[in-house]
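Asks: Residues per chain, in single letters:
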Amino acid sequence: AQTVTQSQPEMSVQEAETVTLSCTYDTSESDYYLFWYKQPPSRQMILVIRQEAYKQQNATENRFSVNFQKAAKSFSLKISDSQLGDAAMYFCAYRSGGANSKLTFGKGITLSVRP
Amino acid sequence: KAGVTQTPRYLIKTRGQQVTLSCSPISGHRSVSWYQQTPGQGLQFLFEYFSETQRNKGNFPGRFSGRQFSNSRSEMNVSTLELGDSALYLCASSFGGGAPSGNEQFFGPGTRLTVL
Chain V
1 AQTVTQSQPE
11 MSVQEAETVT
21 LSCTYDTSES
31 DYYLFWYKQP
41 PSRQMILVIR
51 QEAYKQQNAT
61 ENRFSVNFQK
71 AAKSFSLKIS
81 DSQLGDAAMY
91 FCAYRSGGAN
101 SKLTFGKGIT
111 LSVRP
Chain P
116 KAGVTQTPRY
126 LIKTRGQQVT
136 LSCSPISGHR
146 SVSWYQQTPG
156 QGLQFLFEYF
166 SETQRNKGNF
176 PGRFSGRQFS
186 NSRSEMNVST
196 LELGDSALYL
206 CASSFGGGAP
216 SGNEQFFGPG
226 TRLTVL
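First to last, the protein sequences are chains V and P.
Quick note on numbering: the first sequence equals residues 1 to 115 in my numbering.
Quick note on numbering: the second sequence equals residues 116 to 231 in my numbering.
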């Protein structure tokens, strides 16, 4: 079974600084997708960034980028120029490529941003 | 475009009762997934429906069931409630077609269920 591990339960970053959130996963599949979701205190979860396993290029969305190391099964999220609105719980998630697969989440990490 | 809506937002039930939660997906989305979120277990997948058919199911007892209607709206039902069923239940919709695994899932605000 696929597993997603987020070993850091909490992190803190100074406003305008850069922070990296770690995630590792375990799978024997070659076709899969990785996601980072953000859940602010209001609870509505939103997608931050997505990475297709077959793409070697790391995904980037504005201030958010990933470091995808396929061989190491590592998928970290880098947030640059951190803003107060980035404070939230962040979940790393995995889904294999089959149509009948399910989205598997890590335990999440709570990110706080210091003004 | 309206987002995913879930009703009710809050619910208090007692052990042994049953409950039905509703989810209306984004217009045009045909896939609806349900998740249970608790502090201890995190986010756990319950089931996914696509075009009125259950496409996948998580490791939950048979007390948890769901269905999807022809308009893509979905309901989940929990029978014989237990204290451990207290959780935030999240619904997510996605387009569902093409390569569904890569589709972004759009989440609703959730239903907070408290079992006393």
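Be careful, since some hints might not be right.
To be verified - Taking lysine to any residue and the SDA-like style, the derived pairs with C-alpha atoms no more than 25 Å apart in a straight line are:
#, chain 1, residue 1, chain 2, residue 2
1, V, Lys73, V, Pro41
2, P, Lys128, V, Ile46
3, V, Lys107, P, Asn186
4, P, Lys172, V, Ile46
5, V, Lys73, P, Lys128
6, V, Lys78, P, Arg182
7, V, Lys107, P, Asn174
8, P, Lys172, V, Lys55
9, V, Lys107, P, Ser142
10, P, Lys172, V, Asn67
11, P, Lys172, V, Arg50
12, P, Lys172, V, Asp31
13, V, Lys78, P, Gly217
14, V, Lys55, V, Ser12
15, V, Lys107, P, Ser166
16, P, Lys172, V, Gln2
17, P, Lys128, V, Gln69
18, V, Lys107, P, Thr229
19, P, Lys172, V, Lys78
20, P, Lys172, V, Asp26
21, V, Lys107, P, Thr129
22, P, Lys128, V, Arg43
23, V, Lys55, P, Gln156
24, P, Lys172, V, Thr27
Hint data in this document are derived by calculation from the structure and do not stem from the laboratory.
Because the structure is a prediction, the values reported are computed rather than measured.
Asks: Look at each hint and say if it fits the structure.
Replies: Each hint tested on the structure:
Between V:Lys73 and V:Pro41, the direct Cα distance comes to roughly 29 Å. Violation of the 25 Å bound is thereby established for this hinted pair. Straight-line distance between C-alpha atoms of P:Lys128 and V:Ile46 comes to about 29 Å, which puts the hinted pair past the 25 Å bound. Of the pairs offered as hints, the one joining V:Lys107 and P:Asn186 is violated, with about 33 Å between alpha carbons and a cut-off of 25 Å exceeded. As the CA atoms of P:Lys172 and V:Ile46 are separated by approximately 22 Å, the hinted pair is consistent with the 25 Å bound.
With a C-alpha separation of about 42 Å, the suggested pairing of V:Lys73 with P:Lys128 is violated against the 25 Å cut-off. With a C-alpha separation of about 38 Å, the suggested pair V:Lys78 and P:Arg182 falls outside the 25 Å cut-off, and the hint is violated. As the CA atoms of V:Lys107 and P:Asn174 are separated by approximately 17 Å, the hinted pair is consistent with the 25 Å bound. A threshold of 25 Å between alpha carbons decides the hint, and for P:Lys172 with V:Lys55 the separation of about 29 Å lies outside it, so the pair is violated.
About 30 Å separates the Cα atoms of V:Lys107 and P:Ser142, which puts this hinted pair outside 25 Å; it is violated. A C-alpha spacing of about 31 Å is found between P:Lys172 and V:Asn67, which places the hinted pair above 25 Å, so the restraint is violated. A C-alpha spacing of about 23 Å is found between P:Lys172 and V:Arg50, which places the hinted pair at or below 25 Å, so the restraint holds. For a cut-off of 25 Å, the pair hint linking P:Lys172 to V:Asp31 stands: about 20 Å separates their Cα positions.
Taking the CA atoms of V:Lys78 and P:Gly217, the gap is near 21 Å; set against the 25 Å cutoff, the hint holds. Using a Cα cut-off of 25 Å, the hinted pair V:Lys55 and V:Ser12 is violated, with the two alpha carbons roughly 30 Å apart. For the hint pairing V:Lys107 with P:Ser166, the CA-to-CA distance comes to about 30 Å; that exceeds 25 Å, so the pair is violated. As the CA atoms of P:Lys172 and V:Gln2 are separated by approximately 15 Å, the hinted pair is consistent with the 25 Å bound.
Of the pairs offered as hints, the one joining P:Lys128 and V:Gln69 is violated, with about 46 Å between alpha carbons and a cut-off of 25 Å exceeded. Proposed proximity of V:Lys107 and P:Thr229 is supported: the alpha carbons are some 21 Å apart, at most 25 Å. Distance check on the hinted pair: P:Lys172 and V:Lys78 sit about 32 Å apart at the alpha-carbon level, beyond 25 Å; violated. This hinted pair checks out: P:Lys172 and V:Asp26 have alpha carbons roughly 20 Å apart, not beyond 25 Å.
Proximity of V:Lys107 to P:Thr129 is assessed by CA-CA distance (about 28 Å); at most 25 Å being required, the pair is judged violated. Between P:Lys128 and V:Arg43 the alpha-carbon distance is near 22 Å, which keeps this suggested pair within the 25 Å criterion. At most 25 Å may separate the alpha-carbon atoms for a hinted pair to count; V:Lys55 and P:Gln156 exceed this at roughly 31 Å. For the hint pairing P:Lys172 with V:Thr27, the CA-to-CA distance comes to about 19 Å; that is within 25 Å, so the pair holds.
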